[in-house]
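Taken in order, these protein sequences are the chains called V and H.
With the numbering used here, letter number 70 in the first sequence gets 70, and the count goes up by one each step, no holes.
With the numbering used here, letter number 203 in the second sequence gets 203, and the count goes up by one each step, no holes.
Calculated from the structure, these hints are not laboratory results.
You can take every hint at face value.
Quick list of the computed label-pair ranges, beta carbon to beta carbon:
| # | chain 1 | residue 1 | chain 2 | residue 2 | range |
| --- | --- | --- | --- | --- | --- |
| 1 | V | 9 | H | 180 | 37 to 47 Å |
| 2 | H | 107 | V | 144 | 26 to 36 Å |
| 3 | V | 63 | H | 107 | 42 to 52 Å |
| 4 | H | 185 | V | 100 | 50 to 60 Å |
C-beta: ideal position from N, C-alpha, C; glycine also.
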Amino acid sequence: MGIISRGFSGRRQDGPPDRVPPGQYLTDDFPVLSAGPTPHTPLEEWTFSIQGGAEPVTWTWEELRALPSETISKDIHCVTKWSKLDTNWEGVSIDTLLEAVEHDAEYVVAFCDGGYTTNLPLEDVTDGKAWIAYGYDGEPLEPEHGGPARLLVPHLYFWKSAKWVRGLSLREEDEPGFWESNGYHLRGDPWQEQRYWGD
Amino acid sequence: MGRLAWLAAEVAGAKWETPRVRTLELEVPGWPDHRAGQHLDVRLTAEDGYQAQRSYSIASAPGEPVALTVERLDDGEVSPYLVDEAREGDGFEVRGPIGGYFVWEPGDPAPVLLVGGGSGVIPLMAMARSRALAGGSAPMRLLYSSRSLEDVIYREELETLPGGGFEVVHTLTRERPPGWTGYSRRIDRELLAEVAWPGEDEPKVFVCGATRFVDAAADGLVALGYDPRWIRTERFGATG
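With the rest of the complex left out, here is chain V:
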């Protein structure tokens, strides 16, 4: 237990404990965090590609939208401490995309418009754990929340769910992405409170 802060009692409306990881609080808002200006790539120029396999594979926006999609209802957790329960998304499973790629990679780096990157072990984006999401709450994903499409990896802190994603680069070794090079944890499991380097 920490130092008692005289006069602090807290608000304690913190929801079901099995759904709110340590150090998080619930919000109904959808706060926006990003390190730079919001990019605006026209859909006719937009592509999604997976690199680093036997052959690079690229989808246009129309091709991606033609793939089987899923609706996803998940809790999300931001490293800045807010959690939001029961968020609703629509998108394509990374499993579906990887079916088109021959590879023996163990890690991926997601890359994005604006230069943002984030690294993930392959097992954190496969077996129904990650999506390329283009819909939120029944609407197209707004640019400020990462539209036209963002990576969605809801079981990790939300900086891993890279906005404005344009592709995945398959790797044999784990390579820190943008925030992971700037003080944040390599993996980012909210239930283990892996916020920063060394956590």
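Given chain V, put chain H in place with the hints provided.
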């Protein structure tokens, strides 16, 4: 890399900046120092062990005691405690410093444009103070948008800091005092065109504020020809 430890912090002093914003000066034995623009985590503990954590920007320059400037969010959990309740001698815990991107080094010679909306000025102030303390020579301009003069955080200090290449440009978006000669509107492209450094100078830009403010400023600068890579942003969401 060792884990950032929770450190005991004691309130050594407090100062009202506006009716809803207060600065707490902290004594944090073992604090590893910070860079201008970084933040830290605060953890409050109630008598029964209940804890709440939030992140706050560090307002003080590197090398100075840690100071947090906190705006009260009426439906917040931690900010009302830090703004209204905490007093000299009270304690809580901090962990940091955090963040390696929204930071400025006083030795960097490139011109700097700081664009702050409301309490978004706080990490920018750490940069301005850092420049003053280190005797930095980079030209630095702060464009600061507030609702009214009463809402201007660090008002007195911002009157004395200018000079030697540091400038402050205020805009008041809601209320102006009689005789106000500064800007009187939200930040838009024309205003940015008048205040921002020419793009040829390849300035470093730090924008901090609410999401809409940050988008307006960052999009406006990109429209003026700024390379998006020059622009570093930090947005305030709901952080109570």
